[in-house]
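Chain W is fixed; fit chain A onto it per the hints.
Chains as they are written, first to last, in my numbering: chain W, 1456 to 1764; chain A, -18 to 599.
The hints are simulated quantities; they were obtained by calculation from the structure and are not laboratory data. Please note that a few of the clues may not be correct.
Dumping the calculated DSS-like pairs for lysine-lysine here, alpha-carbon to alpha-carbon at most 27 Å [said to hold, decoys possible]: (1) A:K151 / A:K181; (2) A:K512 / W:K1505; (3) A:K5 / A:K121; (4) A:K345 / A:K121; (5) W:K1749 / A:K542; (6) A:K512 / W:K1509; (7) W:K1510 / A:K512; (8) A:K341 / A:K353; (9) A:K181 / A:K171; (10) A:K542 / W:K1745; (11) A:K25 / A:K77; (12) A:K555 / A:K121; (13) A:K353 / A:K77; (14) A:K77 / A:K5; (15) A:K341 / A:K430.
Example chain A residues on the side facing chain W (calculated, C-beta under 8 Å, incomplete) [said to hold, decoys possible]: (16) T38; (17) F377; (18) L531; (19) E543.
Beta-carbon label-pair distances, calculated as ranges [as the list claims (entries may be wrong)]: (20) A:N428 / W:T1485: 47 to 57 Å; (21) W:K1462 / A:K463: 33 to 43 Å; (22) W:K1510 / A:N428: 32 to 42 Å; (23) W:G1458 / A:N428: 48 to 58 Å; (24) W:G1668 / A:K463: 47 to 57 Å.
Ideal Cβ placement from N, Cα and C applies to all residues, glycine included.
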Amino acid sequence: MFGTFLKALLIILYATFVGFMFMGIIRKVTARIHRRIGPPIYQPIIDTIKFLSKKENITHGIIYDFGIIFALGATILALMFIPLGSISIMRAYGDLILITFLLEIPMLGIMFAAMSSGNPYAGIGAQRALLTLLAIQVPLGFAIVALAEFYGTFSTYEIVMAQQTSGWSIFHLPLLLAAIAYDIVLQAMFGKEPFDIMIAPGEISLGPMVEFGGKHMGILQIQHAMGLFAETLFFSNIFLGGAVITTFSSPILNTLATLAVLLVKQLAVLLIAIFVSTIFPRFTIDQAAKFYWKWPTIIAALGAILASL
Amino acid sequence: MNELLLIVFSPLIAGFLAWLLRVKGVKEAVGIIGSLIPLILLIKAYPSLSQNNLTFTLNVAGFEVGFMLSRLSWVFSMIAAVVGFTAILGMASTAKDSYEWLFALMSLTGVLGVFTANDLITFFVFWEVMTFASFMMVFKFNRGASLKYFVLSIIGAYAMLVAIGIIYAKTGSITFADISTAFSKDAMSKMLGGSGIFTKTETMLIYGLFLLAFGVKAGMFPLHVWAPDAYSETNQSYTAMFSGVLSKAGVYGFILLYVLMYGKLIVEFGHFRSAPAFGYIIAFLGGLTIIVGGILAALQEDIRKLFAYSSISQIGYILVGIGVGTALSIEAAIYHAISHALFKGLFFLIVATIIYRTGKTEFKDFGGLAEKMPFTFAMAFIAILSLAGIPPLVGFASKWLIFEAVIHENLPILGGMVFFGSAIGFVYLIRFTYAVWFGQRPSDIENTKDAPLPLAIAMGILGTLNVIFGVAPGLVAQELNKLFGQQIIGGNIWELDLGFGRYNGLLLTIWMTIGLLIAAIVYFLGASVRKVPVTDTYQSGNPVTMEYNLTIRRNFFLPLKEAMAFWLRISFDKLYHDIWKSMEDFAETARNYIYNGNVQAYAWYLAIILIILAAMGV
Chain W
1456 MFGTFLKALL
1466 IILYATFVGF
1476 MFMGIIRKVT
1486 ARIHRRIGPP
1496 IYQPIIDTIK
1506 FLSKKENITH
1516 GIIYDFGIIF
1526 ALGATILALM
1536 FIPLGSISIM
1546 RAYGDLILIT
1556 FLLEIPMLGI
1566 MFAAMSSGNP
1576 YAGIGAQRAL
1586 LTLLAIQVPL
1596 GFAIVALAEF
1606 YGTFSTYEIV
1616 MAQQTSGWSI
1626 FHLPLLLAAI
1636 AYDIVLQAMF
1646 GKEPFDIMIA
1656 PGEISLGPMV
1666 EFGGKHMGIL
1676 QIQHAMGLFA
1686 ETLFFSNIFL
1696 GGAVITTFSS
1706 PILNTLATLA
1716 VLLVKQLAVL
1726 LIAIFVSTIF
1736 PRFTIDQAAK
1746 FYWKWPTIIA
1756 ALGAILASL
Chain A
-18 MNELLLIVFS
-8 PLIAGFLAWL
2 LRVKGVKEAV
12 GIIGSLIPLI
22 LLIKAYPSLS
32 QNNLTFTLNV
42 AGFEVGFMLS
52 RLSWVFSMIA
62 AVVGFTAILG
72 MASTAKDSYE
82 WLFALMSLTG
92 VLGVFTANDL
102 ITFFVFWEVM
112 TFASFMMVFK
122 FNRGASLKYF
132 VLSIIGAYAM
142 LVAIGIIYAK
152 TGSITFADIS
162 TAFSKDAMSK
172 MLGGSGIFTK
182 TETMLIYGLF
192 LLAFGVKAGM
202 FPLHVWAPDA
212 YSETNQSYTA
222 MFSGVLSKAG
232 VYGFILLYVL
242 MYGKLIVEFG
252 HFRSAPAFGY
262 IIAFLGGLTI
272 IVGGILAALQ
282 EDIRKLFAYS
292 SISQIGYILV
302 GIGVGTALSI
312 EAAIYHAISH
322 ALFKGLFFLI
332 VATIIYRTGK
342 TEFKDFGGLA
352 EKMPFTFAMA
362 FIAILSLAGI
372 PPLVGFASKW
382 LIFEAVIHEN
392 LPILGGMVFF
402 GSAIGFVYLI
412 RFTYAVWFGQ
422 RPSDIENTKD
432 APLPLAIAMG
442 ILGTLNVIFG
452 VAPGLVAQEL
462 NKLFGQQIIG
472 GNIWELDLGF
482 GRYNGLLLTI
492 WMTIGLLIAA
502 IVYFLGASVR
512 KVPVTDTYQS
522 GNPVTMEYNL
532 TIRRNFFLPL
542 KEAMAFWLRI
552 SFDKLYHDIW
562 KSMEDFAETA
572 RNYIYNGNVQ
582 AYAWYLAIIL
592 IILAAMGV
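Bound-form chain W, shown alone (with noise of 0.2 Å):
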């Protein structure tokens, strides 16, 4: 019992931690693509201990606050379920569709407390977050549909163990489709351009954001940090093959291969967002909803109707 928790408590601490870097990273390479040098690769964790270390916050309301708790504690929830390697608390229960919702509901958090502030422009926030969301939904959902179908199983884990003797997903043709149309909802699930469209810095003041100061934007970023390393762990764990390394005789090292293994498979993912985000401008949410039910939906479609013959 008490060796769970700490389990869990070590794998919230090593996903903060790699999601800030990854945050420091994006940060980075947008930085060199633009030839500048760009801040430090740990700047996101200075920024965050600044926020919650704020002498004074204001807040709008319980829900406002609530809201905020509930995000990150979604997060942490969603984290709970996705197989890291073989170190995971409840990967028996994995199950894809149960991600997939859990990895939505931090958003419901975020919007509750943003649209308790009465801000108008969390108000369009909101409406942009939502479409955003109603319009990745239709290639995100015939992605999944076609990796059940393919596997006939909607465990993750047990995905990913079919991976390791059959190859990874990718190389499948259903399943290459399903992973490209999953690849480009992923851009609008870490919010980067070209679908950013939910926080728009510049066009309607960071949306849903733009009330949150101190400890409460504080915890936003951590609640994106693990956002962001739970949906490429995902997207890994899926699609890349995960990681099951078995080599070394010592169940340490094989941890720490198999952490390695899908570091560099989180980062490569990761990559190609921010390769995407840099040289795109932003759609408008009309111009995003058609886009979303136009390519990624014919593409994860065909892949879903090709994984079930």
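Same frame as chain W, now just chain A:
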């Protein structure tokens, strides 16, 4: 006296008493007791279900009116009794006169009769009682909406009557057991190459007629047009039952279709991939229902209309589950029927409370009510999480089952449709949340009070059930397994185990609590917070006062409307309206030409008939 008879008729008797007494306080008490009796008796009847089914036959006017309480009808009757009881409790606050008590309770009798019917005549009679009573409830509020509902329902009901007539003419029996045997025998002989008693055309006709009949009641696309008007233009406490229970009569009808003629329909229609073809039609229409209902819900400007369309959308899930036609998917559909009744009943009670307290229905008049009605908001929070499919609540468990059941059968298009449905559910609920509960409060609802006691109790019951069944999803699943007499959904009361997917409500709740605790620790480690008013906000650096409208209350999803502009032009509502209009015109034309007031014309009619008779050689 037989318990079954008491279960079915006690609401009706109570309704009549309430109508006769008309004394404030007494009629409410009588009505509530009348709706409580079926609930208590159903719970008491539960242990005896395992031995044999409760039956009762009544001889009325030469017909044998048969009732039977099987496991399936017990499950559906329980939905009716629980949600019916809470709706009646809510009506104690919102009903204006004894007229509403009579018809609300009468429709509860109708729906209980439909669920416990043992033959087609009983089924039809109570179907009509239910339709009539609900029509009368709507009629009092809005004539146009009620007539639209009534005409469509009557078309459905008489389609069913025709189907019953064909079945009776061919088999000579009306009891479910006999008909079921006749159809399976027929299917057998057809498979062996013989000619059955029903031809292929007749089977298709019966199927089509039943599809029409049950589709209208369930609100299946494209027969859903009555629902938004009828659900919104009535007492909203009653709508908790109208949408929560009466729409389930259509769902029950579809299940009955499986019970009666499954084998025959399979033989005649064959399979589409792994689903039976006749079921795939239902499932595909269900999928369209999800999408159409969801998108229209997002674009509504009226709180009641939003939930009416949302109701349609959720029924779509149930139809998808039923249509796919495996034991698992039907169990999932019944599970979703239960959870839909629970959360949608709760939603309409919330709407009833809001309208009762503020007297307004449109989004443009609301805002910031969460602070004034904390209990109602807490209940709305549960209902929102449940409908949107957020894990520790019952809405997730049932949706999850439908997802897994559909996708496991290798039906990718239906899978995509249900995924879209889950997102659109999220979308319209946030619209409701934003416009009603959060933001700036208009000054005319400044003095709103929280829910009255009866409504609060009713909401409390449904809210608690939403949480309990969500944390322990196995409670319902184990019960549904008994319907099929085998373990289809494995696991214990906390866990659902399908073999290819597992979901554990308790474990999830525990870890969610831990996650929230960790988040709360981080939160409380920071400095203390200072409460600021809603006008102390960022408005591009400008000062704002209460005169500014800061909350977006109109046309919240304008980009969605624009993106879907082409599809929104196609309206079935308009189509039916035009058909109805041309029928009225035709009637007018016929009246003018045939009854033209010219005596010679009438003489000519006589002459023509005489010529026809002569030609026939009479």
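Here's how the hints hold up against the structure:
| no. | hint | in the structure |
| --- | --- | --- |
| 1 | A:K151 / A:K181 | holds, 14 Å |
| 2 | A:K512 / W:K1505 | holds, 21 Å |
| 3 | A:K5 / A:K121 | holds, 20 Å |
| 4 | A:K345 / A:K121 | holds, 26 Å |
| 5 | W:K1749 / A:K542 | holds, 17 Å |
| 6 | A:K512 / W:K1509 | holds, 16 Å |
| 7 | W:K1510 / A:K512 | holds, 14 Å |
| 8 | A:K341 / A:K353 | holds, 15 Å |
| 9 | A:K181 / A:K171 | holds, 10 Å |
| 10 | A:K542 / W:K1745 | holds, 12 Å |
| 11 | A:K25 / A:K77 | violated, 33 Å |
| 12 | A:K555 / A:K121 | holds, 24 Å |
| 13 | A:K353 / A:K77 | holds, 25 Å |
| 14 | A:K77 / A:K5 | holds, 10 Å |
| 15 | A:K341 / A:K430 | holds, 14 Å |
| 16 | T38 | violated, 46 Å |
| 17 | F377 | holds, 7 Å |
| 18 | L531 | holds, 5 Å |
| 19 | E543 | holds, 6 Å |
| 20 | A:N428 / W:T1485: 47 to 57 Å | holds, 52 Å |
| 21 | W:K1462 / A:K463: 33 to 43 Å | holds, 39 Å |
| 22 | W:K1510 / A:N428: 32 to 42 Å | holds, 37 Å |
| 23 | W:G1458 / A:N428: 48 to 58 Å | holds, 55 Å |
| 24 | W:G1668 / A:K463: 47 to 57 Å | holds, 55 Å |
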